[in-house]
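Asker: Keeping the supplied structure of chain A fixed, place chain B upon it in accordance with the hints.
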Amino acid sequence: MSQAATAEEPAVSQAAPKAHRNRLSAGFFKFVLGRFLLIIPTVFILVTIVFFVMRATGDPISAAMGGRLTPEELQRRIHAAGYDRPLVVQYGEYLGGLLHGDLGTTLTDNQPVIQILVRYGAATLELAILALVVALIVGIGLGRVAARHRDHATDAGVRLFAILCYATPVFFLGLVLKLVFSVALGWLPSSGRSSLASEMQFSRLVSPTGLYIVDALQLGDTQVLGDVLMHAVLPALALGLLTAGVFIRLVRTNVISTYNAGYIEAARSRGVGEKRLMGKHAWRPALIPIITVMGMQIALLLAGAVLTETTFEWKGLGFMLSNYLKARDFVAVQGIVILIAVIVSVVNFIVDVISALIDPRVRY
Amino acid sequence: MSESTENRVGVPGDARLEGLRIAKPDSRLSKLPVIRDLKVAVGWQKAMLITGLVITGFFLLVAIFAPWIAPYGYAQIKGEDGVPFPAQAAPSTEHIWGTTVGGFDVFSRTVWGARTAVIAIVVAVLLSIFAGVFLGLVSGWFGGWFDRVCVVIADAIYSFPSLLLAILMAIMISGGQSSLWGGILASGISITVVYIPQYFRTIRAEVIRIKSDAYIESAKVVGASTPRILGRHLLRNSTRTLPVILTLNSSEAILTLAGLGFLGFGIEPTAAAEWGYDLNRSVADVTAGIWWTAVFPGMAIVLIVLGITLIGESLNDLADPRLRARKSAGEVVGSIEDTSVDPTERPNNDNPVVEEYMATQDPEVAVLARTIPDESRGVIKDD
Numbered sequence: 001m002s003q004a005a006t007a008e009e010p011a012v013s014q015a016a017p018k019a020h021r022n023r024l025s026a027g028f029f030k031f032v033l034g035r036f037l038l039i040i041p042t043v044f045i046l047v048t049i050v051f052f053v054m055r056a057t058g059d060p061i062s063a064a065m066g067g068r069l070t071p072e073e074l075q076r077r078i079h080a081a082g083y084d085r086p087l088v089v090q091y092g093e094y095l096g097g098l099l100h101g102d103l104g105t106t107l108t109d110n111q112p113v114i115q116i117l118v119r120y121g122a123a124t125l126e127l128a129i130l131a132l133v134v135a136l137i138v139g140i141g142l143g144r145v146a147a148r149h150r151d152h153a154t155d156a157g158v159r160l161f162a163i164l165c166y167a168t169p170v171f172f173l174g175l176v177l178k179l180v181f182s183v184a185l186g187w188l189p190s191s192g193r194s195s196l197a198s199e200m201q202f203s204r205l206v207s208p209t210g211l212y213i214v215d216a217l218q219l220g221d222t223q224v225l226g227d228v229l230m231h232a233v234l235p236a237l238a239l240g241l242l243t244a245g246v247f248i249r250l251v252r253t254n255v256i257s258t259y260n261a262g263y264i265e266a267a268r269s270r271g272v273g274e275k276r277l278m279g280k281h282a283w284r285p286a287l288i289p290i291i292t293v294m295g296m297q298i299a300l301l302l303a304g305a306v307l308t309e310t311t312f313e314w315k316g317l318g319f320m321l322s323n324y325l326k327a328r329d330f331v332a333v334q335g336i337v338i339l340i341a342v343i344v345s346v347v348n349f350i351v352d353v354i355s356a357l358i359d360p361r362v363r364y
Numbered sequence: 365m366s367e368s369t370e371n372r373v374g375v376p377g378d379a380r381l382e383g384l385r386i387a388k389p390d391s392r393l394s395k396l397p398v399i400r401d402l403k404v405a406v407g408w409q410k411a412m413l414i415t416g417l418v419i420t421g422f423f424l425l426v427a428i429f430a431p432w433i434a435p436y437g438y439a440q441i442k443g444e445d446g447v448p449f450p451a452q453a454a455p456s457t458e459h460i461w462g463t464t465v466g467g468f469d470v471f472s473r474t475v476w477g478a479r480t481a482v483i484a485i486v487v488a489v490l491l492s493i494f495a496g497v498f499l500g501l502v503s504g505w506f507g508g509w510f511d512r513v514c515v516v517i518a519d520a521i522y523s524f525p526s527l528l529l530a531i532l533m534a535i536m537i538s539g540g541q542s543s544l545w546g547g548i549l550a551s552g553i554s555i556t557v558v559y560i561p562q563y564f565r566t567i568r569a570e571v572i573r574i575k576s577d578a579y580i581e582s583a584k585v586v587g588a589s590t591p592r593i594l595g596r597h598l599l600r601n602s603t604r605t606l607p608v609i610l611t612l613n614s615s616e617a618i619l620t621l622a623g624l625g626f627l628g629f630g631i632e633p634t635a636a637a638e639w640g641y642d643l644n645r646s647v648a649d650v651t652a653g654i655w656w657t658a659v660f661p662g663m664a665i666v667l668i669v670l671g672i673t674l675i676g677e678s679l680n681d682l683a684d685p686r687l688r689a690r691k692s693a694g695e696v697v698g699s700i701e702d703t704s705v706d707p708t709e710r711p712n713n714d715n716p717v718v719e720e721y722m723a724t725q726d727p728e729v730a731v732l733a734r735t736i737p738d739e740s741r742g743v744i745k746d747d
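Residue numbers (the numbering used here), protein chains in the order written: chain A, 1 to 364; chain B, 365 to 747.
Hints are computed from structural coordinates only; laboratory data are not their basis. Note that CB positions come from ideal geometry on N, CA and C, so glycine has one too. Check each hint, because a few of them may be wrong.
As the list claims (entries may be wrong) - Quick list of simulated restraints, FRET-style, between CB atoms: (1) B/F498 <-> A/E72: 47 to 53 Å; (2) B/G653 <-> A/E93: 47 to 53 Å; (3) B/L490 <-> A/K275: 47 to 53 Å; (4) A/E72 <-> B/V513: 42 to 48 Å; (5) B/G507 <-> A/I354: 28 to 34 Å; (6) A/H100 <-> B/S576: 46 to 52 Å; (7) B/W432 <-> A/I39: 51 to 57 Å; (8) B/S576 <-> A/Y263: 32 to 38 Å; (9) A/L136 <-> B/I428: 38 to 44 Å; (10) A/D221 <-> B/G407: 52 to 58 Å; (11) B/F498 <-> A/P41: 22 to 28 Å; (12) B/V513 <-> A/L211: 39 to 45 Å.
If we strip away everything but chain A, and leave its shape as in the complex, we get (with noise of 0.2 Å):
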């Protein structure tokens, strides 16, 4: 009986594959298309928010350099920028410039935008990926742990630990892990991506990514790659059990909700194994829903960053957003938050197709 099951099984995945190729036809694409097109007026209507609730307190040039100027000399430098013209227009300035991949020049240490995105982004982005590794292993550890167990103690135990990960602010969550790995035990250090000593060895490369893991790997050096590591694990740990509080929830919800699902029953009479049930043919449905709000998680990430890096002074875009704020420097902030815009569409458009591929229901 699980013979055959087992036989049966190469068949139909490799007969999987082609019928989908089938079905990715016009109405896939026409599909994708409509849902592409959703970008524009997506991020348009962001960077207009933006624009105009940053205008709203008045120029960025008063704000940043308010009071260290005298009237008249701060009067010949907005009206040297052109902040004294109609928003209208100064609006469409920006959306030209946007265009062509122009966002200005930052007010207080005078720099493209631009260069700042991505010298910055990829901290953020290496951050981010350390946090949604941490994320996806406690998460569907546990969330799986859980859905097993459902309504015993492991499963409760499971819950509240998703939940205080969700309830503890990262920054306090970053503080109690600075307080008892690096000031209690001294283990690991509390803030910054490197030692100086690192940062002296990555300005002999080439090409830096950026990437300060990746960078080590290029240097080849052991000992940069593990200080680089141990100054990763705080933050990445922060940032990423905040997302696995969400991850937890998730899994637990979608799996168990598989799992009442007649076709388990049916496994299960036919002696299919608990393991294998839970391993294939409760995961793999309970995978749409699961990738679907993963996707939307990515707003959650990048703004747990901007918190994280505040705390652990990782210079990555969220510590620069900080700065940038705090000095009033709007321009350089405009620029980061409509960077975000348009990863958290760009995002939401991978996770839209990819769940339309998945499950053709989506589709309409």
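Answerer: Showing chain B alone in chain A's frame:
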């Protein structure tokens, strides 16, 4: 029990039917969301709900009685005798949770912070419910281009990181610096803007679902005005999932408020006590091994969010029949015996079968459950 009297012919087992209370109308009080859920909940799910209620209640009490609980004011840096408080002093009898770098008493700040948090939640949740529900009703009912524009804007805002949006709003409303009530209001409104889309989406989806129902049609035929249909028929029937969203949003509101404070866009320390601000100031303390300025306000945030989230999670589970904890098989067997015709047996008041029945009658059954035809759920409609 069920013997015949002068006026009434009794049948053995009548009293048992009473006990099943299928036809008995529930009192008004027991129809309120949380109380109704408390009745349905069993086992540790009930424990979760009660724990959440207790923690939240505790913080509410602290918020109300803050002036009597806190030994000092939230912005007080000098004692009664005019002697300034020591800075960064470890917990002692004078200052049971120590003092901050600015000389504030940590215990007093934490207690007063509960008040700020509760006010911010109330402002944020009330405003976003009113705005979101109103927009959802109107948009769902009228449809057309207005609906489409609203949906696109709501989706755009919804997908955006809420903390960043709140920062933008805080900049716009207060220019980044805040006074007493201005600060609380600014934070509240910032959070509001973030959560309007959630209420909007939920209500709109419900309205569109209900819109074509027969009773709306008949209301139209009878000649009910649009405001009446919106306010009476649609509003009443589309707010089923609100309690769940409301609680989950309140906890997010606290986290957003704390995040704003942590980044320096919250409320000035002299205007009100705010946990996020205190944590911001404690970042430097932590590396020096000063733990009390971070741990206490942080724990306060964790606890209040935990309490509210526990309530929200339980309500969510109870509303979804797939997630609702079930009584163990043994208890269910007992209840089947209750329905036997043996007149010597007493019916059990908290009969799980009845509860299951009541729960499926419950309008809060989750959206997904509605797509399942009633027959397959084993629901017998007797009304």
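Asker: Are there hints from earlier that the structure breaks, and if so, what are their numbers?
Answerer: none
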